[in-house]
Amino acid sequence: MMILHLRALTQSVCLKGLKWMLCLLMSIAIGLSIGCSADIDIKELSDKNLVIRVINIDKQDLDVKQTARLTAELEYSGNDEELQYNWDVDEGKIYNNGQYATYVAPEKAGIYVIEFEVSNGVIMAADAISVKVGDPNATKETDAKPETTPETKASNNSEPNKSEQSVE
Numbered sequence: 024m025m026i027l028h029l030r031a032l033t034q035s036v037c038l039k040g041l042k043w044m045l046c047l048l049m050s051i052a053i054g055l056s057i058g059c060s061a062d063i064d065i066k067e068l069s070d071k072n073l074v075i076r077v078i079n080i081d082k083q084d085l086d087v088k089q090t091a092r093l094t095a096e097l098e099y100s101g102n103d104e105e106l107q108y109n110w111d112v113d114e115g116k117i118y119n120n121g122q123y124a125t126y127v128a129p130e131k132a133g134i135y136v137i138e139f140e141v142s143n144g145v146i147m148a149a150d151a152i153s154v155k156v157g158d159p160n161a162t163k164e165t166d167a168k169p170e171t172t173p174e175t176k177a178s179n180n181s182e183p184n185k186s187e188q189s190v191e
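Remember, the numbering used here sits 23 above the position in the sequence shown when you count from 1.
Quick caveat, the hints were computed from the structure, so don't treat them as lab data. Treat the hints with care, as some may be off.
Unchecked claim - The calculated label-pair distances, taken between Cβ atoms and stated as ranges, are:
id	residue 1	residue 2	range
1	130	74	31 to 37 Å
2	105	151	21 to 27 Å
3	88	120	16 to 22 Å
4	122	145	15 to 21 Å
5	111	160	24 to 30 Å
6	149	92	17 to 23 Å
As the list claims (entries may be wrong) - Here are the simulated DSBU-like pairs of lysine-lysine, each with C-alpha atoms no more than 30 Å apart in a straight line:
id	residue 1	residue 2
7	88	131
8	82	155
9	155	116
10	155	88
Every residue gets a Cβ at the ideal spot worked out from N, C-alpha and C, and that includes glycine.
Could you put together the complete structure from these sequences and hints?
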C-alpha cells in the first residue's frame, strides 16, 4: 500500500513538473511574441515627428504668488493620446500637467526658468522659458539724486559795490 502511495505521489509530482515546464514554455513564447510586437510599436513611434513650436506664457512679469497660464504649441505627426507632458520649475508651482498648465509664482522675487518636456515614450522634445517675479511691496530705488546747489556768494548786480561808488 505504501508503494502504491509513493507511485501515485511520484506520478503526481511528474505531472506537476510537466505542467510547470509547459507553463514556463508558454510564458516564454508569449513574452517573445509581445516583445516582437513592442519592437514594431517602437519603430512606428520613432518614425513620428515631435516638435515644440513655442511655449507661451500670458504674463512675462509676475508679482509674488501671482498666476500665469502656460501653453505649449506642438507639432506631432502621431496620435496626441500617445503623448506624455511634464512641466518643471525650481521655484513656484505648476498645476494641470498637460499641454496647458498654470504657474503660481513663488514668494520671493527673481528670474525663474520653467521647463517643458513632451514624449511619446520613444522620442522626446524639450524647451524652456523664463519668467520674472517681482515683489510689489519692495521699495524701488530711483536713479534721481536730490538736487543740491553749491553755496554761492549772493551778489546783487543792481546795486553798486561800496568800493566802486564814487564820492562827490
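Mind listing which of the numbered hints don't hold for this structure, in increasing order? none
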